[in-house]
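Listed here are the chains, written in short residue letters.
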Amino acid sequence: MINLIKKWLISLGSPPLFFKWASKILPWFFPISILILLTGLIWGIGFAPTDYKQGDVYRIIFIHVPSAILGQSIYLMMAIFGFICLIWRAKLAGMFLRSAAPIGASFTLIALVSGAVWGKPTWGTWWVWDARLTSTLILFFLYAGIISLYSSIDNKQKGDRAASLISVVGVIIIPIIKKSVDWWQTLHQPSTFTITSAPSMTPDMYLPLLICVIGFYSILFSILLNTLRAEILIRERNTSWVRQFLNNQIKE
Amino acid sequence: MLKVDNLSCQRSNDLVFKNLSFEVSKGANTEIIGSNGSGKTSLLKCILGLIEKNQGKISWKQKPIEETRTFFLKSCFYQGHQLALKNNFTVVENLRFSHSIFNSNEEKIISSLKEVDLFEYRERASSDLSMGQLKRLAIAKWLLDEHELYLIDEPFASLDQEGTLLVSSIIKNLNSKGCSFLFTSHTSSNIDSREILLDNYS
Amino acid sequence: MNEKNTLFNWFKLVLKRDLVLSFKKIATFMVPLVFFLIVITLFPLALGTEGSFLSTLSSGVIWVAALLASLLAVESIFNEDYRDGTLDQFLISGEPTFILVLAKVLAHWLVTGAPLLLASLISTFFLYLPEGLLFPLLISLLMGTFLLSLLGALGGALTIGKTAILSAVIVLPLSVPILILGVAVITSALNGQDFFSYLYFLGAMLAIGIPGLCLATTEAIFINYD
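Quick mapping for you: the protein sequence lines, in order, are chains A, B and C.
Residues in the first sequence are numbered from 1 upward in steps of one, following this note's numbering.
Residues in the second sequence are numbered from 1 upward in steps of one, following this note's numbering.
Residues in the third sequence are numbered from 1 upward in steps of one, following this note's numbering.
These are calculated hints, taken from the structure and not from any lab test.
Check each hint, because a few of them may be wrong.
[Unchecked claim] The list that follows gives simulated cross-link-like pairs (lysine-lysine, DSS-like), each with its CA atoms no further than 30 Å apart:
#, chain 1, residue 1, chain 2, residue 2
1, B, K3, A, K158
2, B, K18, A, K158
3, C, K12, A, K156
4, B, K57, A, K6
5, A, K156, B, K108
6, B, K114, C, K162
7, C, K24, B, K177
8, B, K108, C, K162
9, B, K114, C, K12
[Claimed, not checked] Footprint (simulated), chain B over chain C, 3 or more residues, beta carbon under 8 Å:
#, region
10, 11-21
11, 85-94
Ideal Cβ positions, reconstructed from N, Cα and C, are used throughout, including at glycine.
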């Protein structure tokens with residue numbers, strides 16, 4: 001059994017096999033993820049009940065919360081794959097990092113922007129120096145740093161490993177950042193805006209939210225599989241299997 | 001002593017050389033000759049472990065080099081294309097802070113400076129020296145300590161006739177003490193050595 | 001020579017070499033110092049010279065200036081040695097790279113961090129730092145700048161052969177806790193609270209950061225080499 005899992009993991013780690021596997025899954029997984037996402041969004045935005053405190057503005061939660069969750073979990077994934085890339089020098093883990101970082105940065109940015117749009121009508125301002133907002137902003141800067149680091153290194157594998165190292169160090173420091181931002185909050189209390197508590201959720205509100213989160217995750221995996229496929233083709237362009245694959249593509 | 005077996009080396013997707021095999025024996029010289037970009041520097045760095053090899057085996061005194069890395073590094077001397085000299089240091093300081101000696105032995109420093117004809121410049125800042133003089137200062141480092149193997153990248157570059165003769169005589173002198181040299185150049189030098197044409201292995 | 005002695009000698013050699021080198025080249029410790037003082041001067045120019053206003057801002061301004069000055073000075077840690085081939089020599093010396101990193105961080109702190117402490121003394125007069133905050137400011141800067149040197153070394157090692165501004169972009173988000181804790185020490189002293197708890201936390205970060213970040217820096221150097 002253990003041997004079987006090992007074999008499976010090794011086969012996943014090899015770019016050509018992963019490419020084949022991803023190509024098989026994508027054609028049916030991508031439509032399904034779109035379907036889940038649309039279900040969640042349409043239910044949440046069209047049919048979920050109006051919040052009695054905030055009115056219809058709260059519906060931005062169906063975009064804001066999933067993208068904030070994704071922004072954080074992509075960073076965690078990057079750190080895990082970064083660790084694998086550093087220790088076992090798995091090529092695919094490095095490629096994962098490179099494909100995931102821009103996506104993570106985008107979701108964090110979406111979370112920040114949607115939060116600002118949500119904040120304007122509820123708090124009366126685009127931005128509040130609240131602990132959670134500040135940590136998210138710093139997370140966005142961390143993504144930006146990682147992207148600028150690997151894009152400045154010409155050698156792809158070196159770039160992967162440098163980005164891996166900084167994401168592993170970052171994931172260790174992130175809890176310290178969060179904790180310190182909390183302290184900073186308690187020390188400076190200038191905020192005249194009290195953050196209105198999130199709408200208390202009834203099942204017909206959080207069920208669509210849950211579906212939205214699942215939908216966002218599945219869209220993420222579709223995008224990741226696709227960008228990884230592209231990255232594999234670029235990196236392995238000199239190998240015989242890629243040439244063969246491309247020749248077959250042209251014939252078709 | 002040093003044995004390279006079937007070595008291949010890659011620099012960012014391009015194979016620079018492949019299936020290279022040779023052996024360096026005690027007190028003998030080996031010369032790596034190749035055009036620009038043929039991988040001379042890569043070969044030296046690969047032996048030292050500064051860049052990773054693709055394939056093949058390197059062994060030092062019958063043991064794989066991975067097992068005896070520290071031991072190997074301590075018994076060899078490397079001079080790269082960059083000479084590892086600081087412009088802000090004086091000539092003497094450059095030798096004093098050279099990595100290979102912990103307890104700077106002033107007598108050794110003075111005698112090696114005399115040997116490369118830089119003794120009267122000893123308190124000058126290294127930035128005042130000409131390129132050829134800097135090269136000679138780097139050569140003075142060879143003499144601070146005797147090493148079993150010298151890996152030298154282009155020892156004859158930017159040296160005049162006199163300098164070339166000096167290097168040749170120093171190499172010969174060290175050879176007689178049992179030191180071996182592995183050095184690179186783009187044309188054959190007139191030092192008694194085994195020549196390896198790297199272009200044949202691309 | 002026994003093992004321990006050799007390691008210590010190796011540490012001493014690198015440290016001494018870096019210190020002598022930076023005394024030869026005045027710019028190495030002058031530039032961060034002058035940069036710091038210029039940044040400090042810019043704040044009253046931009047915000048006005050009203051005493052009470054400046055004095056509430058003073059500790060934060062000093063900390064931000066110190067952060068920028070010490071992170072922008074990472075060029076001298078690895079980049080120069082990389083360019084002239086000295087780093088190659090260090091790596092193939094057969095001595096542990098971890099010790100090399102440790103010595104270089106200490107040298108960097110002695111050359112940039114320690115003078116910043118003196119400069120911050122001067123800047124307290126410029127910015128009218130409230131009475132009695134000098135000790136918390138200095139002790140928090142003392143610990144904070146060393147942590148910043150550690151982080152700066154990591155950034156410098158990751159960006160060997162590149163610009164210092166890139167390493168600042170990578171490292172600045174990670175330095176947020178240092179800044180917050182450093183300023184928290186001073187703010188809580190101002191409010192008459194016990195500021196030692198924040199100092200202990202800074203100390204704990206140092207205790208983890210010295211081995212942890214040096215290890216990461218060592219790895220970063222090797223990444224840039226093969």
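These are the hints, each one checked on the structure:
1. Taking the CA atoms of K3/B and K158/A, the gap is near 29 Å; set against the 30 Å cutoff, the hint holds.
2. Straight-line distance between C-alpha atoms of K18/B and K158/A comes to about 22 Å, which keeps the hinted pair within the 30 Å bound.
3. Of the pairs offered as hints, the one joining K12/C and K156/A is violated, with about 36 Å between alpha carbons and a cut-off of 30 Å exceeded.
4. The suggested pairing of K57/B with K6/A holds, with an alpha-carbon distance near 29 Å, which does not exceed 30 Å.
5. At most 30 Å may separate the alpha-carbon atoms for a hinted pair to count; K156/A and K108/B exceed this at roughly 45 Å.
6. Distance hint between K114/B and K162/C is unfulfilled; the C-alpha atoms sit about 39 Å from each other, more than 30 Å.
7. Only pairs whose Cα atoms come within 30 Å are accepted, and K24/C paired with K177/B is rejected, the gap being roughly 38 Å.
8. For the proposed pair K108/B and K162/C, the alpha carbon gap of about 38 Å is over 30 Å, so the pair is violated.
9. Only pairs whose Cα atoms come within 30 Å are accepted, and K114/B paired with K12/C is accepted, the gap being roughly 28 Å.
10. With 5 residues bearing a CB less than 8 Å from a CB of chain B, the region 11-21 of chain C meets the requirement of three and the coverage assertion stands.
11. Beta-carbon proximity to chain B at under 8 Å applies to 9 residues in the region 85-94 of chain C; the threshold of 3 is reached and the given coverage holds.
When each numbered hint is compared with the structure, violations occur for hints 3, 5, 6, 7, 8.
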